[in-house]
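Visitor: Quick note: the sequence shown uses my numbering, first residue 599, plus one each step.
The reader is advised that the hints may include incorrect statements.
[Unchecked claim] Label pairs and their calculated CB-CB ranges:
# : residue 1 : residue 2 : range
1 : W675      : S624      : 27 to 35 Å
2 : L785      : R755      : 45 to 53 Å
3 : H783      : G657      : 42 to 50 Å
4 : L802      : G751      : 37 to 45 Å
5 : W646      : A625      : 25 to 33 Å
6 : V798      : N760      : 31 to 39 Å
7 : A666      : A625      : 30 to 38 Å
If you are wondering where the hints come from, they were derived from the structure by calculation, not from laboratory data.
In this text the structure is predicted, and so the values were computed from the model without any measurement.
Backbone N, C-alpha and C fix where the C-beta goes; we use that ideal spot for every residue, glycine too.
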Amino acid sequence: MAGVPDKNGRQDLADMPQIRHGRAASALAVAFVLTTVLFLGAPGLDLWASSLFFDPPGGGFWLQEDPAAKAVRSLVWNLSIVALLVALVGLCGGLLLRRPIGGVPTRAWGFILALYVLAPGIIVNLILKAYWGRARPSDVVEFGGALDFTPAGVIARQCAANCSFTSGEGASAAALAVSALLVLHYLRPRLPVWVRRLWVALALLLPIAGAAQRVATGRHFLSDTVFSVLIVFAVALALHWLFGRHKAAPRG
Numbered sequence: 599m600a601g602v603p604d605k606n607g608r609q610d611l612a613d614m615p616q617i618r619h620g621r622a623a624s625a626l627a628v629a630f631v632l633t634t635v636l637f638l639g640a641p642g643l644d645l646w647a648s649s650l651f652f653d654p655p656g657g658g659f660w661l662q663e664d665p666a667a668k669a670v671r672s673l674v675w676n677l678s679i680v681a682l683l684v685a686l687v688g689l690c691g692g693l694l695l696r697r698p699i700g701g702v703p704t705r706a707w708g709f710i711l712a713l714y715v716l717a718p719g720i721i722v723n724l725i726l727k728a729y730w731g732r733a734r735p736s737d738v739v740e741f742g743g744a745l746d747f748t749p750a751g752v753i754a755r756q757c758a759a760n761c762s763f764t765s766g767e768g769a770s771a772a773a774l775a776v777s778a779l780l781v782l783h784y785l786r787p788r789l790p791v792w793v794r795r796l797w798v799a800l801a802l803l804l805p806i807a808g809a810a811q812r813v814a815t816g817r818h819f820l821s822d823t824v825f826s827v828l829i830v831f832a833v834a835l836a837l838h839w840l841f842g843r844h845k846a847a848p849r850g
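Start from the sequences and build out the full structure, keeping to the hints where you can.
Guide: So, in structure tokens, the structure goes:
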């Protein structure tokens, strides 16, 4: 049963949610290709999605300074920081005490930590946002700025740092959702049905709310958020394969 330690108090990732890695990888590859073709073939889709929240008379995005929109962004960031700290404590505590922390296997905490570091941290923020050069919606000519719009997937020189492609908040929200669902997998036997259902609903809502907030405030194009989610899923799939390859070695 998921989340239940053995007689020695140990858990491993042998009972992680079962995934057919080959099929999942193929599905993700198809999703990446179709998404790229869609936004390259119809670049106006990004502009159309952003235009829904743009106020020409006011010269800006009407939700840019909205308190509720800012609260959504803060919520995603704060929950992500909490998730990182909890995962770090769970990993270090599990390694030191040689037992699960909070009913979650040590390697599962390591999975969550690695997911955040690799996907939102390195791939999205340190590589793509730093070097892709795509201007943010609020900075392009179509929305009152001075920079050129470039389609998703096209490397540009319209932005020097912290650029639009891809979305850091979108990646963090997706990583938070994956992490929450993984933790729920181990805690499921201890939780009532209504809590489990609410947990799943909130986990699925986070990436949607995070992505919508970034598009609505003119900070990212729709494609920026979609690609961020796909990147997180791809990294999560790779880590699931890597962390779940072998059962924890028995002790004593």
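Visitor: So, for every hint listed, does it hold in this structure?
Guide: Here is how each hint holds up against the structure:
Checked against the given bound of 27 to 35 Å, the beta carbons of W675 and S624, roughly 33 Å apart, stay inside it. Here the CB-CB span from L785 to R755 is close to 48 Å, well matched to the stated 45 to 53 Å. Between H783 and G657 the CB atoms are about 48 Å apart, so this pair conforms to the stated range of 42 to 50 Å. Distance hint check: the CB atoms of L802 and G751 are about 26 Å apart, inconsistent with the given range 37 to 45 Å.
In this structure, W646 and A625 meet the distance hint of 25 to 33 Å, their C-beta atoms being roughly 27 Å apart. As the Cβ distance of V798 to N760 is approximately 33 Å, the hint placing it in 31 to 39 Å holds. At roughly 35 Å, the beta carbons of A666 and A625 sit within the given window of 30 to 38 Å.
The earlier numbered hint that this structure contradicts is number 4, and it is the only one.
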